[in-house]
Each structure stands twice: as structure tokens, then as C-alpha cells.
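S.K.: What follows is each chain in one-letter form.
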Amino acid sequence: MSDILIQAENISKRYRLGVLNANTLKEDLSLWWQRKRKKQAMVNVAGDSYFWALKDINFEIRRGDVVGLIGKNGAGKSTLLKIISRIVLPTTGVVRGRGRIASLLEVGTGFHPELTGRENIFLNGNILGMKKKEIESRFDEIVDFSGIEAFLDTPVKRYSSGMYVRLAFSIAIHLEPDILVLDEVLSVGDFDFQQKCLAKIDEISKKQGQTILFVSHSMQSVKSLCDTVLYLEKGRLVAHGDASSVVSKYLLRENAYVSIQKFLDKSNAPGNGTIRIHEVEIRANDQPVTGVIDTQTDISVRFSFWNLSKGHSLLSVNIIVINFLGEGIFSATSEEVGFKDGLIHGICRIPKHFLADGSYVINLVFFQDKRHILFEFNQSLSFEVKSSAKPLNTGRWQAPVRPKLPFTFTQTT
Amino acid sequence: MWDWEVKTKQPWFRFGIRELFHYKDLILRFSKRDLLASYQQTLIGPLWVIVQPLLTTLTYVLIFSRVARISTDNVPPLLFYLPGVILWNYFSECLNGTMGTFQYNAHIFSKVFFPRLTVPVSQVLTSSFRMMIQLSVFVAIYGIYMLNYDLGVNRAVVLLPVSLLLCAGFAFGAGLIISIATAKYRDLDTVLQFVLRLFMFAAPVVYPSTIIPEEWKWLFWLNPLTPAIETIRYAFFGSPAFSLLPLLVSVFSVGILLVIGLVIFKRNEVRVMDTI
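Those sequence lines, one after another, are chains C and Y. Heads up: the first sequence runs through residues 1 to 413, numbered per UniProt numbering. Heads up: the second sequence runs through residues 1 to 276, numbered per UniProt numbering.
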């Protein structure tokens, strides 16, 4: 029976807004003076501006669990992590815990730009509660994982943001705290490193029994990694349970994946004087999408739009597929066609076995004469792809696309 | 049992000394970083540690001794001012380092937890290191003067560590309280810098305590810096103003200030994050 490592009881956090939050003594004194002179009049006006970032949160986290924290921006995820990390105090309630906790709420906090990578490993390790000897014993591992050996003696102010993340994450993950708290730090890194980090998280939780609490917007990684998931909405805990059911609830409630958008009123539809969107839809095997799309199904992107360009130009449509990190996976452009004004329907087919597991967003771009952008319909559709077959030995797909390409073999001896 | 708890308020009397000890590597690293960083892109680098108090002392010799003709108790002016300048510098550096704890680290504090006390402690450590160097320069100059003047160190020199601890403790205790206050009210900083400048003249830095009128002496000696500076002067120059009682009183009052400072700091170190 695994024991409870963190217990949160009735956690609420209230922030003050507005004038009461004076930052200078002069402002506070004058406020106090005004209140004294006008007696009660001022108090109520100022007293109203409160905001509950968190309200009555209760949960427990067991040893060795990987816990995902999901919710929209402003749902209180970061505030909750800050309270657990002892950075801010709760307004009500209490959090109890066992063991050492290390949090990485932002990439490279405490890095000193003038110092080299090597010195910063020590500085940051110390800040996260490691002793010099512990850092020395793990130094090679940290450097190895981060893959920045060549820049170890360069001041970090010359690092790219990607290198920053690599180094920061490597330090935190090699700390071996009992509880590792990660805010959305992973979303900054590149795809390869992301995969590497997720694999590492999986490894340390399974093999070393470390507990990890992390915020993610990638339902994909939440589902594949987490044992349990906490789902926050407007400061309240709306669901807490096994990953797939909470994630489904989240997707349902937040309408996270948009598989169809329809605009009936031409004058109000997204667009401009030349293009108006009528309908966009993503389909799996030519059926409406009901959940996660299997990698073994054909995906089609259907779109229809009103062409208002008075017919004197050649139109082409460009579809860009972007992953949850905001990186373009591929871009496909149609032939140029000269349309008359009116409602035009198009389909673009993405063959099965093409996209690897993940969440994707589609941007539609309309071009005139292949040069001028008429209209960009960004984030028009979103969907998730998951394979029912196991990926080759590594447990993860190594690249964002995995097309079935023809191979030929010859044997010479 | 639980190892730790996060509650709505922090306890009154838990200074987290053991936790602080766990982070001693961090304290040392902060100190080292500050020492290295402060001399980057400077002309004469670490030499400033020595040059700065000497220049200040020379200025005082010129203004207060030559022009204003304030007594130096028959001690060569250069020698007379130097320990006062060193101790005052030590005090004000410790104070400034400690009171800026939240102002200068708000960004880090809002993103990562580590005992906040590591910051002011490392500041005091850095200042102590500089002060030690300056003090050895003073001893060297003292040695040179001994060749020509009738000077001699007396037993009171064993009280030197007490003097230094008084300066550091006074600055640290007051700095902790001020750091919490300035985290909430930023304009307090400007006021305090001004007060600090005036405060130098309330301590016997540029004059001997013997010139203070009798009826104000009690107040003057309540300032812990007075016995701290006069003890050194007595040990090295046999200055007439020294007496043991005010020194003991100051040890006591600085002790109380330290406890109050720690209580206020520990009680508010997390709470102020809401207002920064």
C-alpha cells in the first residue's frame, strides 16, 4: 500500500485587486487618511475587489504517482503549485507533506547570465536544495542528459532558449527529490528533448518511486504518463481520478478539440472582403470525429468558403498542421484554381499512418496568385491522433510524422 | 507524521536554523557570486576593497581634521578615522544587503523555494569578507605608525570580535525588519537611505566620543555602534572614552533586536510574496 505524500485540505487562495494594493507608504497613508476622514464610506468600495484564485481544494497524492494538473489558463494551476512549493501562503487550509520537494515553476530561474553553464549547474542545484557533493556526483549525468557539453564553459547569456530549458530541466530531474513539481516548463523545449524528458519522467517515477506533479496542456502526454489527474476550472477542483476519464471530461467540458465549425451567416463568418469561411470539418474515415482518431484511419479536412474575390484571380489553399508545441509538422498547398464567386467546397486528405501520436491544430491559409495572403483561418480545427499499435521498442515515436513509405531491399552477399 | 506543512500563517518562533544549515553551500555560493560579480568590468577590480576606505579616510582627514579641526584624541588622524570608517562601512553594507532581500530577489522568490534567510546571511558573509581584508590593512598601517609613534595594543583587543558582531548583528536585525517593510512599501527605501546617511553622524565615526556633551552621553552610548567603535579605538589607541557597561548593554539590545528581526522576517517571508 503506497502512502500519502501530499495532502491538501481545503486550500483556497484569495488575491486582492485594485486600489487597496498600494505599493508605497504615501499611497497607504493617504488612503488611511481618507478613510479616517470619510469614516466608513471608502472601506466598502475598496473591500469588494477580491479574487479567488483557488477555492476549497482537497486532494491526496500517493508515493510514486505521476500526477497531471490540467485546466485552462487562469484556472489556478500555477497558484496551486506555488502553494505546494511554499512560495505563497494559502488563504485557508493546509498542505501537509513528506520528503523533499523540488519545484521547477519556470525555466532557468536562478540562472545567473554572467556565469557559465558549469557554474550555473552548481548555483541552480544549490538553490534547489542540493549540496555541492551531491551535484558533483551527478554532474556528468546532468551534462550528458542536457547535451550541452560543448557550451559548458560559455556564459549562459549566450545560450539559446532551447539550451536553457535543457540545462534547467536536467538539473531538476537529477535532483532526485521525493516530489518533483513541474509547471509548463516542458512546452519550451524542442520535440526531441520533450520526448526525452517525458521518458525520463516515466523512468524516475517507475524505477525510483519518485512522485511527480506536473502541469501540461498536452492531453497526449498527460494520458500516457499520469496515474491520476487533477482538473481545475476557475479555481475549483472539478475532477480528480484516473487519467483517461479526467482527460475525457476535460475535453468534453472545455470543448478542447474542435472537429467542426460552421458559419451560416455569411456576413458574420470569419473572413474578409475576399473570403468568408462557411464550414470546416475534420473527418475520420469520412465519418464525423467522436474522440481520438486512430492512426490507422484516413483523415480528411473538409472546408467550404464563399469566394468574394470577384473571380479575377487564381486561388490556392494551404493547410498547415501544427503540434501542441506550436511547431509546424507539415504544410500542404493545393493547385491554383480560378473560381467564380460563390460557395466552394474542398477536401484535403491526410493518409493513414502519416501523423504520429499527438494533438494537432490546423491552420488554413488562402492565397491569391500564390503570393498574396487573402485570409488566414488559424486554429480552425484541432484533433488528437493515437495509435492502437505499439511503437517500435522505444515506447515512443521518434518523429512527428511516420509515413508508410516504400522500402526496397537487395542482398549482395 | 508529516515532514512539513503549509498553513495560512507561519509560526511565530521557528527560525529554520537547521534548514538554513542544510543550505550552507548555497549561502557560500551566493557570497562567492556577489564577490566575483561586483568586480567584473571594473578598472582596478578587487583593489577597491582597500582603496575605497582609504580614500574615504583621506577625505575625512582633510575635511574633519584639517578644515573643521575636530579633535582626534591626539591620535594621528589617518589612523584614528580608519577603524571607524571600516566598521561603519561594514555596518552599512550589511544593512543595505539585508534590507534589499525582497526587493532585489522578488523574481527568484516568486518562482522557487529556498530558505529566504540564505540571501541576507550570504550578504553579511560577503561584507564580512571585505571587512576582514580592510581590517588587516588597518593593522598593517598601524604597524607602520608604531615605528614612529608611541602606540601599543592593550588587552581590550580580545573584545574586537564583539565589536564586529555588534555591527553585523545590529545591521542584520534591523535589516531583516526593514526588508519586510520595504517589500510592502517601496518608497521607504529612499527615506531610509537618507536616514542612514544622517545616522553616520550619530556614531563616533568622524569624531571621538569625548566631544559629546555630558547630558546626551546616555543616548549616544545606547547606539550599539558607539561602543563597537570606541572599543577598537581603546584597544589600539587607548582612547579615554571606553567603558565596559555600554558594550554589555549593546550586546543585550542587539541580541533582542536580532530575535525580533528573525521573528518578523520568518513570520512574513512568504506572506509578502502577495504584495511584491
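Hints listed in this document are in silico derivations from the structure and should not be mistaken for laboratory results. Glycine is no exception: its CB is placed at the ideal position from the N, C-alpha and C atoms. One thing to keep in mind: the hints can contain errors.
So the derived label-pair ranges between C-beta atoms look like this [unchecked claim]: (1) His-22/Y <-> Ala-199/C: 23 to 33 Å; (2) His-107/Y <-> Gly-342/C: 49 to 59 Å; (3) His-22/Y <-> Val-94/C: 37 to 47 Å; (4) Ser-110/Y <-> Asp-227/C: 22 to 32 Å; (5) Ala-199/C <-> Ser-110/Y: 28 to 38 Å; (6) Ile-276/Y <-> Gly-209/C: 33 to 43 Å; (7) Ser-388/C <-> Ile-276/Y: 44 to 54 Å.
Straight-line C-alpha distance at most 16 Å; calculated EDC-like pairs for lysine to aspartate or glutamate [said to hold, decoys possible]: (8) Lys-133/C <-> Asp-187/Y; (9) Lys-132/C <-> Asp-25/Y; (10) Lys-24/Y <-> Asp-28/C; (11) Lys-200/C <-> Glu-9/C; (12) Lys-131/C <-> Asp-25/Y; (13) Lys-111/Y <-> Glu-184/C; (14) Lys-72/C <-> Glu-184/C; (15) Lys-9/Y <-> Glu-106/C; (16) Lys-131/C <-> Glu-5/Y; (17) Lys-184/Y <-> Glu-134/C; (18) Lys-26/C <-> Asp-187/Y; (19) Lys-131/C <-> Glu-119/C; (20) Lys-32/Y <-> Glu-114/C; (21) Lys-26/C <-> Asp-189/Y; (22) Lys-206/C <-> Glu-233/C; (23) Lys-207/C <-> Glu-176/C; (24) Lys-7/Y <-> Glu-9/C; (25) Lys-7/Y <-> Asp-56/C; (26) Lys-32/Y <-> Glu-119/C; (27) Lys-111/Y <-> Asp-65/C.
S.K.: Hint by hint, note whether the structure agrees.
M.R.: These are the hints, each one checked on the structure:
The hinted range of 23 to 33 Å is satisfied by His-22/Y and Ala-199/C, whose Cβ atoms lie roughly 31 Å apart. Between His-107/Y and Gly-342/C the CB atoms are about 57 Å apart, so this pair conforms to the stated range of 49 to 59 Å. For the pair His-22/Y and Val-94/C, the beta carbons lie near 23 Å from each other, so the given range of 37 to 47 Å is not met. For the pair Ser-110/Y and Asp-227/C, the supplied restraint of 22 to 32 Å holds, since their beta-carbon distance comes to about 30 Å.
As the Cβ distance of Ala-199/C to Ser-110/Y is approximately 30 Å, the hint placing it in 28 to 38 Å holds. Taking 33 to 43 Å as the suggested C-beta distance range, the pair Ile-276/Y and Gly-209/C conforms, at roughly 36 Å. About 51 Å separates the C-beta atoms of Ser-388/C and Ile-276/Y, a value consistent with the hinted range of 44 to 54 Å. About 42 Å separates the Cα atoms of Lys-133/C and Asp-187/Y, which puts this hinted pair outside 16 Å; it is violated.
Distance hint between Lys-132/C and Asp-25/Y is fulfilled; the C-alpha atoms sit about 6 Å from each other, no more than 16 Å. Using a Cα cut-off of 16 Å, the hinted pair Lys-24/Y and Asp-28/C is violated, with the two alpha carbons roughly 38 Å apart. Our distance criterion of 16 Å between C-alpha atoms is broken by Lys-200/C and Glu-9/C, whose separation comes to about 30 Å. Distance hint between Lys-131/C and Asp-25/Y is fulfilled; the C-alpha atoms sit about 6 Å from each other, no more than 16 Å.
Restraint check: the Cα-Cα separation between Lys-111/Y and Glu-184/C comes to about 13 Å, which is no more than 16 Å; the hinted pair holds. Between Lys-72/C and Glu-184/C, the direct Cα distance comes to roughly 12 Å. Compliance with the 16 Å bound is thereby established for this hinted pair. A distance of roughly 25 Å separates the Cα atoms of Lys-9/Y and Glu-106/C; the hinted pair therefore is violated under the 16 Å criterion. Proposed proximity of Lys-131/C and Glu-5/Y is contradicted: the alpha carbons are some 23 Å apart, above 16 Å.
A C-alpha spacing of about 37 Å is found between Lys-184/Y and Glu-134/C, which places the hinted pair above 16 Å, so the restraint is violated. A hinted pair counts as satisfied when its Cα atoms are at most 16 Å apart, and Lys-26/C with Asp-187/Y qualifies at roughly 8 Å. The hinted pair formed by Lys-131/C and Glu-119/C meets the criterion: a straight-line CA distance of about 14 Å does not exceed 16 Å. Restraint check for Lys-32/Y and Glu-114/C: satisfied, since their Cα atoms lie roughly 13 Å apart, inside the 16 Å limit.
Proximity of Lys-26/C to Asp-189/Y is assessed by CA-CA distance (about 12 Å); at most 16 Å being required, the pair is judged to hold. Pair hint Lys-206/C plus Glu-233/C does not hold up; C-alpha atoms about 29 Å apart against a cutoff of 16 Å. With a C-alpha separation of about 12 Å, the suggested pair Lys-207/C and Glu-176/C falls inside the 16 Å cut-off, and the hint holds. This hinted pair checks out: Lys-7/Y and Glu-9/C have alpha carbons roughly 10 Å apart, not beyond 16 Å.
With a C-alpha separation of about 14 Å, the suggested pairing of Lys-7/Y with Asp-56/C holds against the 16 Å cut-off. For the proposed pair Lys-32/Y and Glu-119/C, the alpha carbon gap of about 11 Å is at most 16 Å, so the pair holds. Using a Cα cut-off of 16 Å, the hinted pair Lys-111/Y and Asp-65/C is violated, with the two alpha carbons roughly 23 Å apart.
The structure shown violates the earlier hints numbered 3, 8, 10, 11, 15, 16, 17, 22 and 27.
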